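Sequential numbering from 1 applies to the sequence shown in the working numbering.
Mixed in with the good hints, there may be bad ones.
[Unchecked claim] Below, simulated DMTMM-like cross-link-like pairs (lysine to aspartate or glutamate); rule was C-alpha separation at most 20 Å, straight line: (1) 83 - 139; (2) 92 - 112; (3) 103 - 143; (4) 127 - 154; (5) 125 - 93; (6) 125 - 154; (7) 147 - 131; (8) 116 - 79; (9) 103 - 154; (10) 83 - 44; (11) 85 - 144; (12) 127 - 69; (13) 92 - 154; (14) 135 - 154; (15) 80 - 112; (16) 84 - 44; (17) 85 - 112; (18) 92 - 44; (19) 80 - 69; (20) 147 - 112; (21) 116 - 69; (22) 103 - 44; (23) 80 - 139; (24) 84 - 139; (25) 125 - 69.
[To be verified] So the derived label-pair ranges between C-beta atoms look like this: (26) 142 - 53: 27 to 35 Å; (27) 142 - 54: 31 to 39 Å; (28) 143 - 44: 27 to 35 Å.
Derived by calculation from the structure, the hints in this document are not laboratory data. Everything numeric in this text was worked out from a predicted model, so none of it was measured. Glycine is no exception: its CB is placed at the ideal position from the N, C-alpha and C atoms.
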Amino acid sequence: DKKKGKDCANPDCIYGDEKKGDGPAADCPHELDEKATAVAPSKEANHFGAAFALVANQPLSKGLSTPADTAVQLTGTIDKVCKKKGCWMVLKDGEAQARVLMKNYGFTVPLDCDGKVAAVEGTLKTKTFTEGQVKHLAEDGGEDPSKVSGTRTEYVITASGIRIQG
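Given only the sequences and the hints, what does the whole structure look like? Please build it.
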């Protein structure tokens, strides 16, 4: 059946689009479909989530023009990571950046991976975060949520797998 995600009290959670099910538990944005997240993990060191299916990768700055929901493998430097659980990160390549969310909230990355080079495989699209979600992201990133306001539109990679160098 369904499993409620840990610490899922915030209605502005960024994984709200991933929630499944109905009834009272459907309000939990971290509710997971165990069958959907039961992807065989990679056996590689420093690899999180599923093994990569694609062979070639490209820098994030070149990959941002990829059509939405197309499978991509993009590389860049981890600029920020969720300091609470490692459930999201921001990948940068020069001026280009994209927020990386884990597919079906199915895996996390180390909380101290800022500054490391990573390859991310998944699908890319743009997403507009509500003001509540923007504040939630700031708080989870170790920032003061009262210093941010308004909505924010970002490139988002829904990652099936991530490999971090070092």
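So, against the hints stated earlier in the document, which numbers end up violated here? 3, 10, 16, 18, 19, 20 and 21
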